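Use the sequences and the hints to build the structure in full.
Numbering (UniProt numbering), first residue to last: 1 to 109.
Among the hints, erroneous ones may be present.
[Claimed, not checked] No more than 27 Å apart at the CA atoms, straight line, and that leaves these computed lysine-lysine pairs for DSSO-like:
(1) Lys11 with Lys107
(2) Lys64 with Lys53
(3) Lys11 with Lys53
(4) Lys64 with Lys91
(5) Lys11 with Lys64
(6) Lys64 with Lys107
(7) Lys89 with Lys53
[To be verified] Distance windows between CB atoms, simulated:
(8) Ser7 with Lys91: 34 to 42 Å
(9) Asp10 with Asp92: 28 to 36 Å
(10) Thr68 with Leu18: 30 to 38 Å
(11) Ser106 with Asp10: 12 to 20 Å
(12) Glu86 with Lys53: 14 to 22 Å
(13) Lys64 with Ser106: 16 to 24 Å
(14) Ser106 with Thr76: 30 to 38 Å
(15) Asn62 with Glu108: 17 to 25 Å
Don't read these hints as lab results, they were simulated from the structure.
This structure is a prediction, so every number in the text was calculated from the model and none was measured.
Idealized CB from N, CA, C, for every residue including glycine.
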Amino acid sequence: MKSETLSFFDKVFEVARLVPHGRVTSYGAIAKYLGATRSARMVGYALNGSDGKDVPAHRVVNRKGLLTGKHHFDGTNLMQQLLESEGIKVKDNQIQDFRNVFWDPSKEL
DNA sequence: GTAGTGACATGGC
DNA sequence: TGCCATGCCACTA
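Next comes the structure, spelled out in structure tokens:
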């Protein structure tokens with residue numbers, strides 16, 4: 001099932017793919033880049049369908065650097081493993097040096 | 001067209 | 001960024 005509707009979701013996937021390796025971004029940052037700062041929730045909802053789209057959803061966390069979506073990845077520490085594998089330090093579902101690895105599309109792009 | 005839902009954000013204490 | 005309450009926008013049924 002492929003909805004070629006170019007909806008808000010697809011845009012989220014595009015930005016998520018643009019996230020550099022070893023960097024992370026927040027739902028609000030993506031939403032803001034898309035012009036929908038208030039729709040940060042939709043960003044996470046969109047990533048829910050990122051499975052199979054080569055979208056590094058594990059690089060997308062909430063504003064606090066907390067791995068809120070790890071439950072949707074595997075249900076365990078898969079998300080944390082992926083982040084650590086890229087050089088990102090994660091402690092108790094929370095990204096350390098979040099400011100340091102944070103990547104803002106609206107600024108970098 | 002209405003109602004329900006959601007991987008968040010922000011303001012206040 | 002400690003916790004609670006409210007708002008918001010887009011999507012699905």
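For each hint, the structure was consulted:
Under the criterion of a C-alpha separation no larger than 27 Å, the hint pairing Lys11 with Lys107 is consistent with the structure, at around 17 Å. Under the criterion of a C-alpha separation no larger than 27 Å, the hint pairing Lys64 with Lys53 is consistent with the structure, at around 26 Å. For the hint pairing Lys11 with Lys53, the CA-to-CA distance comes to about 12 Å; that is within 27 Å, so the pair holds. This hinted pair checks out: Lys64 and Lys91 have alpha carbons roughly 13 Å apart, not beyond 27 Å.
Distance hint between Lys11 and Lys64 is fulfilled; the C-alpha atoms sit about 23 Å from each other, no more than 27 Å. For the given pair, Lys64 sits about 18 Å from Lys107 by alpha-carbon distance, which is consistent with the 27 Å threshold. Distance check on the hinted pair: Lys89 and Lys53 sit about 25 Å apart at the alpha-carbon level, within 27 Å; holds. Between Ser7 and Lys91 the C-beta distance comes to about 35 Å, which sits within the given range of 34 to 42 Å.
Between Asp10 and Asp92 the CB atoms are about 33 Å apart, so this pair conforms to the stated range of 28 to 36 Å. Evaluation of the 30 to 38 Å hint for Thr68 and Leu18 yields a failure: the beta carbon distance comes to about 21 Å. A beta carbon spacing of about 18 Å between Ser106 and Asp10 agrees with the range 12 to 20 Å that was offered as a hint. Between Glu86 and Lys53 the C-beta distance comes to about 19 Å, which sits within the given range of 14 to 22 Å.
Taking 16 to 24 Å as the suggested C-beta distance range, the pair Lys64 and Ser106 conforms, at roughly 19 Å. Roughly 32 Å separates the CB atoms of Ser106 and Thr76, a value that falls within the hinted 30 to 38 Å. The given range of 17 to 25 Å is respected by Asn62 and Glu108, whose C-beta atoms sit roughly 19 Å from each other.
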